[in-house]
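The listed protein sequences correspond, in order, to chains A and B.
Be aware that the first sequence starts at 92, since it is given in the working numbering, and climbs by one per residue.
Be aware that the second sequence starts at 92, since it is given in the working numbering, and climbs by one per residue.
Treat each hint with caution, since some may be false.
In this list, chains with the same sequence are indistinguishable; a pair is considered to hold if it fits within one copy or across any two.
[Said to hold, decoys possible] Pairs of lysine to any residue, SDA-like flavour, derived with a Cα cap of 20 Å:
id, residue 1, residue 2
1, LYS428, ARG394
2, LYS410, ASP128
3, LYS227, GLY513
4, LYS169, ASP293
Read the hints as simulated data drawn from the structure, not as lab findings.
Protein chains: 2
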Amino acid sequence: MTTSLTPWARERRRPRVVIVGGGFGGLYAARALKRDDVDVLLLDRTNHHLFQPLLYQVATATLAPTDITAPIRWLLRKQSNASVLMEEVARIDAERRVVATAEGHEYAYDYLIVAAGARHAYFNHPEWEALAPGLKSIDDAIELRRRILTAFERAEMIDDPEERAAWLTFIIVGGGPTGTELAGMLPTIARHALDHDFRRIDPKSARVILVEGGPRILATYPAELSEHARRDLTNLGVDVRTGTLVSEIGPHYVVAGTERIHAHTILWAAGNAASPLGRDLHAKLDRAGRVEVDPDLSVPGRREVFVIGDLAATTTDGKPVPGVAPAAMQMGALAAKNIRRDLEQRERVPFRYRNKGDLATIGRYRAIADFGRLRVTGGLAWWFWLFLHIMYLAGFRNRISVLVEWAYSYFTYERGARLITGRKMEPGREQPIPGKW
Amino acid sequence: MTTSLTPWARERRRPRVVIVGGGFGGLYAARALKRDDVDVLLLDRTNHHLFQPLLYQVATATLAPTDITAPIRWLLRKQSNASVLMEEVARIDAERRVVATAEGHEYAYDYLIVAAGARHAYFNHPEWEALAPGLKSIDDAIELRRRILTAFERAEMIDDPEERAAWLTFIIVGGGPTGTELAGMLPTIARHALDHDFRRIDPKSARVILVEGGPRILATYPAELSEHARRDLTNLGVDVRTGTLVSEIGPHYVVAGTERIHAHTILWAAGNAASPLGRDLHAKLDRAGRVEVDPDLSVPGRREVFVIGDLAATTTDGKPVPGVAPAAMQMGALAAKNIRRDLEQRERVPFRYRNKGDLATIGRYRAIADFGRLRVTGGLAWWFWLFLHIMYLAGFRNRISVLVEWAYSYFTYERGARLITGRKMEPGREQPIPGKW
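This is chain A alone, in the form it adopts within the complex (with noise of 0.2 Å):
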């Protein structure tokens, strides 16, 4: 691939910040740098900024693609000093301080914040993925969609009463919060949404199970709230396996434990990794493939580069930062931060995590909270979760909308968001047929 230095490059007068990716952390970088003597140039391979905390909510058929996400370039509109590119970066040369991206351009940076996130990761059965897809992107949210309601679909016009009970199995592996968020709406969505709409089969009838390899669900949450959580998705008739492990994914099934559990629907939400953008930074990684950096963000060695977010390892207290909304945005703000204070020949300051409190939803009505000393569960936690989340997107869409939008959808289960798009799966095939639809 041919790469070439763009005007971007030449035309450069005062100091230029580049960031990679745009999600909550390089969102927010960008926009903190908003007042700044710089120019910030965002590139990402998408053309929009991700609500991924309700991603589970579009792979369920609750919400559309649209209500959740919305074009980086609008968000950064009025912002004259940053321009945004849909590229995808490909590679960093550290050395020239430059990215490539996969459409040969190089970009030349004087400031790098490296916001490229994680995707979720098979470990080492890449063969898995075709199987059991995972939950990152809006286009994974699609194929989730495609492939939970196509399963009811094929279940109705099936006779076998074997292969019916395989196409009504959802098996979720993975017991962090989007695979218990995912767990906690399949069954409603059978019960609410999908009541009354077939005549051979009952969707009530749909088996979800959640199938966790460590000893407790939302593991990174205090016991008693993820003891709570499990309680609350036992009632909602999800079969929760803790301490199960899957050692096999086939075409039609999956092997947790010690049974082989006949499934057509299996979704990935075990494990993630890092964006091998970190390893062309030539720092320490850790497991995970996250770059672990210096208390400013940066990276050791490297002052001008920043890296922020899910691909960043950092602790606060002695503790690990969590890949969640929220640290990406307060690292985004930092790593603004300290570059506004070497413009300003000021110290840089260490990055602190501030835990504002961790929520999970179970299903439609109930959440468990974690606010340090205040823990909240059931309805409570769940209006805490839904002020929080629209107070949030009402940032960047029109509030009334939004708010609109999520009683609509809320209370009278939507079945606009009911789509099945994309490709065609043929049948008794996982894998979609590539070409025409």
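Position chain B relative to chain A; hints supplied.
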């Protein structure tokens, strides 16, 4: 492929009406049979009914796909004599009175209503499909949206002025309602929705060229209205070229008349071909592949088979019935009525198309309307159009929600709809890459 006779066929007690296709014709036929002593089985390859008249608004990122779709089985959930299966009908065996699906299932019928519609057609140039996609399904609209939005993104990142101009050139082939509505919307989104979002390009500089082979656009409308539409388009900045044939479409160009135009985004709205299922009926087909039906909408010599909607060729007062939604709905209702009359041993009635008026929008606030003697243009026609469409949509979605979404989208140029999803294009290739997104 093996086929199996399903219990759907074995369990029969009362007459079974199989309907192929859940568009306007098929859905209205099913609904019209609500109170009849028949079993209705509706087969569609998708899970959703699509409000096709607004498809161009999804393609131009004005509405979200979920705004104009609803699950067919949800629409028919309260009709206890109706079942819905998401299966693609591959073949009709009119002798044995069964339809066979791509899944290998067979469904026997006493009455068959074929409402399989049409696809866009490339006549003798099937290779043009990948270069100039058409607009019939929601997946088509998502693909067009991806290409249109990506074109602006690429223009922003490219230096070469000629290449950039080619990314900002949009060619629409075909001046019927779809082509006209697409052409009217493109300058509108470039001027309003995308304004302020780019740093290097001016979206307003986008060129939109509408190429029509015949002497005027909207040829089925009265000449004065098509002239009006042409003026409206020209005022919006669209380059309307009538009497201009497209002789060649290449990877980055179109030959229109004698000119070779360098453009990366070419949209096809030039022709339809009826579903190939018509051929299985061994009836006479017209040039577009439509089945020439008897006045009662049945296939000559096969009283138990009806063909309706875009797949049917019929006339009213000597004039061909157009392929529009109201005609399909009326045909659906009439086919159902004639089945009822058979069961009541009464004589069948012939189809008469009642044209309540034709409407086409130009951009966001203009339309042309033909109500026979009354012809309306401009803003008033647009309000007619808005009212009619909301009334219809309200029939299958929550009325308030539709109003809010519309108002929000129309008057604020909603950004959420500007979502690029789907397969990724490799730089310099028109064809999306199958496989990983």
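Hint check results:
1. LYS428 / ARG394: For LYS428 and ARG394, only the intra-copy Cα distance (14 Å) is at most 20 Å; the inter-copy one is 78 Å.
2. LYS410 / ASP128: Close neither inside one copy (35 Å) nor across copies (69 Å); limit 20 Å.
3. LYS227 / GLY513: Both. Shortest intra-copy (17 Å) and inter-copy (14 Å) distances satisfy the 20 Å Cα cut-off.
4. LYS169 / ASP293: Between copies only: 15 Å across, 51 Å inside.
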